[in-house]
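K.L.:
The chain contents come next:
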Amino acid sequence: MRSLLASRRSFLHILAALSLLFGAFAMTPPALAAEKAPDFTLKDMNGKTVSLSDFRGKVVLVTFWATWCTPCKAEMPHFQRMYKAHKGDGLVILGISIDDAKMASKIKPTVKMKKLTYPILLDPETEVVSMFNPSKNVPFSVLINRVGEIERTHAGYKPGDEVELEKEIKALLAK
Amino acid sequence: MTSWLIALGALASANAAGTLDGEGAFAGANVQVDNDFEARYYQVDEVLEGFEDRAIHNYVEQVNRLNLLVSKPRLSFGMQIDQVAFYANRYILDDELYRSYELLGDTVTSPWTDAFANIEKLYFKKKMNKVEFQLGDSYGAFARGMALNMARNTDIDIDTSLRGVRSVARGSDWQFTLMSGVTNPQQVSQDNPNKNIEGDRYHMVSGGRFERSDVAGVDLGIHAVMMTFDRQDGTGPAERFGSSLDVLTTGASAEAFGVAGIDLYAEGALYDYRSADFFDGDEDAVEPGYGLYFSAGAYPGIMAVLIEGKRYYNTEQVNQYAALQGYELVAGPSLEYERVITEDSSAALNSDDIWGARARVDFSLKEGLLTPYVSLAAFKDLDTGVLHFNEVPETIIHPVVGVEYFGHVAHVVLNSGLRNDIREDDTGQDTQAHIDTSIMLPAGALGEVELAVAAERFLWGENLIQQHDFTEVEAAFSILPNESWVFTVFQDYSDNPLVASTGNVSENVYMAGEAQYTVTSDTTLKLFYGAYKAGIRCAGGQCKSLPGFKGGRVALAGQF
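Protein chains in written order, with my numbering: chain A, 1 to 175; chain B, 1001 to 1560.
Please note that a few of the clues may not be correct.
Claimed, not checked - Far from chain B, some chain A residues (derived; all Cβ distances over 10 Å):
(1) W68
(2) K170
(3) K175
What the hints assert, rightly or not - Here are the simulated BS3-like pairs of lysine-lysine, each with C-alpha atoms no more than 30 Å apart in a straight line:
(4) B:K1526 with A:K84
(5) A:K58 with B:K1130
(6) A:K112 with A:K48
(7) B:K1526 with A:K108
(8) B:K1380 with A:K158
(9) A:K58 with A:K170
(10) A:K167 with B:K1366
In case anyone wonders, no lab produced these hints; they're calculated from the structure.
Yeah, the Cβ is synthetic: ideal placement off N, Cα and C, and Gly gets one too.
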């Protein structure tokens, strides 16, 4: 008669791992000190060099996107509307495409068709996105205040996200 | 093992967001921690002979990816730690201990049999006024990627960096990039099953690119890349590399904006193979390769017109050693609609002897909210053989039409096409009809609903390995009741005999459900149960056969 015994003890281990990890995530993070946004330099769609430090004194929304990303395209009309509404008050939006180098020819048609007028920069080596968001998932946005400090980061997009974002932009512009 | 888990938990709990105190180069730096945890319970079809009533091979895989980023405006340090472990992977049969699956292969070492941890990425970066310097892992793509294209491909879970040095110097109208190191592919997959993990193969890559902008209105670039590949058929480092230089790729690019209203781009690359190993050891077969690519974009009125062309010859040989580990070092524009690549058309995408062109016209309506488009791609694939499923060249014609609507509360994306791979003899053609759509609408008390469907029907002509015609469907229906929750039901169907998975509803039907909870704006919890099908998936010019899944999954990803 053959005997068979499955290892059950391992389930206890994964439960321990889960509880530790969930506990860790549930911890209240310490109060955030002001974080200075790392500077970066990229080329725009027309080959011009642009640095974040070019926009000192402005409120800057850095938004990472890609031509293949549907939620990225869904939030673009909101960004364009905000840019038009608040550009005069000192808002800059930098749309950074993380499309792979070989996809570069697709970026400009996408931008033209969406009638985006805010600057679009190219990060084909995902160098800059990894400075803000190491997991490199898009869409991902970073809101930077007039003195270059990160006020907010946001991953993903769902309808309604833009409402809260615009409130924060208005508050920063008023400062 | 328990101590290992505690260490993991402690590591994850060290999510000290904020700034570093004290003195030194990193004093006052921001500290950011991203953590992505996933546990997967695999329900396996395989049974143990004599114990068919017990699912003894079912097991749990737990993966964790922790990213640490310490940064100041001009100084940064990054590290990625990957960890994977198997649980419930052992059984005792007749007093003897067995493992259903091995986590580790022969070429990787770990203190644990069923666990592995690795500092996967590590870098230090310094930015000065005109120079950037990076030590450790970096990525690099020259021009459109025909000579070098090392970037993370999140779509298909490929992440190969170059571990070494990278520096960029730039002036007002020039830029010089230099990089040198060894390839560092990710060993632990975050999204797909890990089995028999192997050690890294260190291919040596060194290259440089010089760019000069606005030379009589044209941006110019030249580059060269040297590659030497690790065959791992020797014993010491010297024996592991076949020659001092295996491949030298050189190239140049030119780009001009708004020439008579047209943006123009052209790039060429030469591949100088120095070893017969790329040609099955046949010295007489060694032949250089070349690649050409051009694009022209114009934006008259409400239209965007993009025309692209390519000619690749012997351009894929350079990837053959990297491809053994599932990635590519060189990948130029494919001009393919990559969402519908199959086992057959992936050979054309990676063809070593192909001409191709694509024209696409987009229309911008309703202030850019509505954008229909038409596209036509045509290829002459002269490469043949088993992977191509045909012995004679093919002419490929692929029209695609689509529309995108992104309103303030709803969106619709629809793409549809018909691909014909027509052989130059009397063995007929392969035909593929495909459609994919994503629709999101407001739904009153339900919040928003989203439907995503992709379907294709593939008809084989006669070929070397005669296959069955097949239909594949992937569908997902989501309800988004509020900003915190997303509930999704998935259903897949496939009767493609090349798909290496079986469904949980029937042999060809797969169903699953997922609940996603957004804990904070940066932290997401996902619970998944059910099955999805295997299949080939292509993105960014690279293809990967992704396995199916049957079981449950819990994932927690967050940024601190």
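K.L.:
The structure should be examined with respect to each hint, and the outcome stated for every one.
P.N.:
We went through each hint and held it up to the structure:
1. For W68 of chain A, the condition that its CB be more than 10 Å from all CB atoms of chain B is violated, with the nearest at approximately 7 Å.
2. The claim that K170 of chain A is not at the interface with chain B holds, since no C-beta of that chain comes within 10 Å of its own (minimum 18 Å).
3. A cut-off of 10 Å between C-beta atoms confirms that K175 of chain A is not in contact with chain B; the least separation is 20 Å.
4. For the suggested pair K1526 of chain B and K84 of chain A, the alpha carbons sit about 36 Å apart, so the restraint of at most 30 Å is broken.
5. As the CA atoms of K58 of chain A and K1130 of chain B are separated by approximately 23 Å, the hinted pair is consistent with the 30 Å bound.
6. For the hint linking K112 of chain A to K48 of chain A, the alpha-carbon distance of about 17 Å falls within 30 Å, and the restraint holds.
7. Taken as a hint, the K1526 of chain B and K108 of chain A pair is broken in the structure, with Cα atoms around 35 Å apart against an allowance of 30 Å.
8. Distance check on the hinted pair: K1380 of chain B and K158 of chain A sit about 42 Å apart at the alpha-carbon level, beyond 30 Å; violated.
9. Between K58 of chain A and K170 of chain A, the direct Cα distance comes to roughly 12 Å. Compliance with the 30 Å bound is thereby established for this hinted pair.
10. As the CA atoms of K167 of chain A and K1366 of chain B are separated by approximately 26 Å, the hinted pair is consistent with the 30 Å bound.
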